[in-house]
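Asker: One-letter residues, chain by chain:
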Amino acid sequence: MALRHAERVVPPSGPSAWLTTLTSAAMAFLAVFALALALASGRLADRWTEGLANSATIRISAPADQMDRQTQAVLDLLATTPGVASARAMTDEEQRKLLEPWFGPDLPLDTLPIPRLIEVTQDAAGYDGEGLRLRLAAEAPGAILDDHTRWRVPLAVAAGRLRILGLVSVVLILGTMAGMITLAANAALATNAQVIRVLRLVGARDAFIARAFVRRFTLRALSGAAMGTALGMLAVAALPSADAAGGFLTGLGFQGAGWLLPLVLPPLAAVVAFVTTRNAAFGKLREMM
Amino acid sequence: MIAFDNVAYSYGGAELLSEVSLQLAPGSFHFLTGPSGSGKSTFLKLCYAELRPTAGQISIFDRDVRSLGRDDIARTRRRIGIVHQDCQFLDHLPLAANVALPLTVAERDTPVQDLSDLLAWVGLAHLADALPPSLSGGERQRAALARAVIIAPDVILADEPTGNVDWEMSLRLLSLLVELNRMGKTILVATHDLTLIRTVKQQVAARVLRIRNRRIQLAGADL
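Chains as they are written, first to last, in our numbering: chain A, 2 to 290; chain B, 153 to 375.
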């Protein structure tokens, strides 16, 4: 006949119940996307920073009758350049594919003055970029070294900032959730003012009363966030894959162990709810009596 | 148990009680009487530290109320059973859980047999599973009394406990309080019903305190 758990002293229903669960679910759903954005941006930044940093392109613009000679001269020069691991001239087919997004599949490559591209991969030690430029100017006047720095650095910086933005979004979402739960907890405490009066009258300590609310709100936040996280992960999984459509946005998602990261959100939401409800409860109880 | 030393209490600039000095000795039975609005409820609230005096000193179980923190007050109230005229319950819980509430908040086990015996003692055994809103005025008063005594308090304070019940039920409630007093509990009953006081005084050696002009006096033969 006696009560086994403190939280039963608080009436079970009320608008704060579904508000807390719904808020936690919505915020967790958004947090999953913010997390996916942060991880995808991080991968992109890493790729642009590390992957492309090891490669460079030499573009040869020369009259058609000199193109093959200058290409061979550049390849010979690269073969004797310290720090160059490999170098190869791209085939017409590869160049056509590169240009296809802009000019379509039927590009008559042989009739257009398209520069020849040479892909250069450097070894761990790397080559002397300035020295290579000088040697190219001497051996093949139409060859220009592009080490990707000009466009790679700002893109990598942008991707890095996008990653920070994603993480800041997760923090803001958790902060918003804390605010909403505080409001809901205060509303629940105000609604149950009579219950609290009765409890104080029969000798309940603030810690006991607060525990009744804290346990309830923590469980609601945990269950809501679990639902929101599950839905968010399903939605991320349902996004088109990068292979299917290509491009940055389709790379949004989790990879490998990254899928475990959203699972941190429900316990994190529970911790946020625990701390905010506890603070709200003790503050409100001090105000009430 | 509870001692007032030259206590005054003011609210909103008006003095409600003044120069109150008295002691509720262990095992004593006191009535507190006076017209409505004379300060009976205020006096009781001072007794269980719901209010703090604006002057003088109140000691509850040998501790100055001004030195009591919020947790101390909670622990003190576990030694004081309180019965109000408009006794409030947790309406979503059955009667038995409401009666056991002082033990629940003290995080102590509630022996089922003790709870059943207590409900039988106040004549509410058959209503153990009923929700408070379904109870009559007399049943609520008896349930409040059961809730007040379940934790075996040293003192029981009752504020107009018979205000909402008929004469027969009033006598029954007071006889329960007399029974508790015979078991060694200190009892203070605030009531404006002088006939009830006269009737009960035939059963127990009770002292009658009267509030007059903000002061509390021992009532004499003019009662």
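Hints are computed from structural coordinates only; laboratory data are not their basis. Treat the numbers as computed from the prediction; the structure is a model and nothing was measured. Cβ coordinates follow ideal geometry from the N, Cα and C atoms, glycine included. Among the hints, erroneous ones may be present.
To be verified - Covered by chain A, per the in silico footprint, the following chain B stretches (three or more residues, Cβ under 8 Å):
{"no.": "1", "segment": "216-227"}
{"no.": "2", "segment": "241-250"}
{"no.": "3", "segment": "257-264"}
Said to hold, decoys possible - Residues from chain A that face chain B, not an exhaustive set, calculated with beta carbons under 7 Å:
{"no.": "4", "residue": "W152"}
{"no.": "5", "residue": "A194"}
{"no.": "6", "residue": "V196"}
{"no.": "7", "residue": "V199"}
{"no.": "8", "residue": "L200"}
{"no.": "9", "residue": "L202"}
{"no.": "10", "residue": "A205"}
{"no.": "11", "residue": "R206"}
{"no.": "12", "residue": "D207"}
{"no.": "13", "residue": "M228"}
{"no.": "14", "residue": "A231"}
Asker: Look at each hint and say if it fits the structure.
Answerer: Comparing the hints with the structure gives:
no.: 1; hint: 216-227; in the structure: holds (count 4)
no.: 2; hint: 241-250; in the structure: holds (count 8)
no.: 3; hint: 257-264; in the structure: holds (count 6)
no.: 4; hint: W152; in the structure: violated (65 Å)
no.: 5; hint: A194; in the structure: violated (11 Å)
no.: 6; hint: V196; in the structure: holds (6 Å)
no.: 7; hint: V199; in the structure: holds (5 Å)
no.: 8; hint: L200; in the structure: holds (6 Å)
no.: 9; hint: L202; in the structure: holds (6 Å)
no.: 10; hint: A205; in the structure: holds (4 Å)
no.: 11; hint: R206; in the structure: holds (4 Å)
no.: 12; hint: D207; in the structure: holds (6 Å)
no.: 13; hint: M228; in the structure: violated (26 Å)
no.: 14; hint: A231; in the structure: violated (32 Å)
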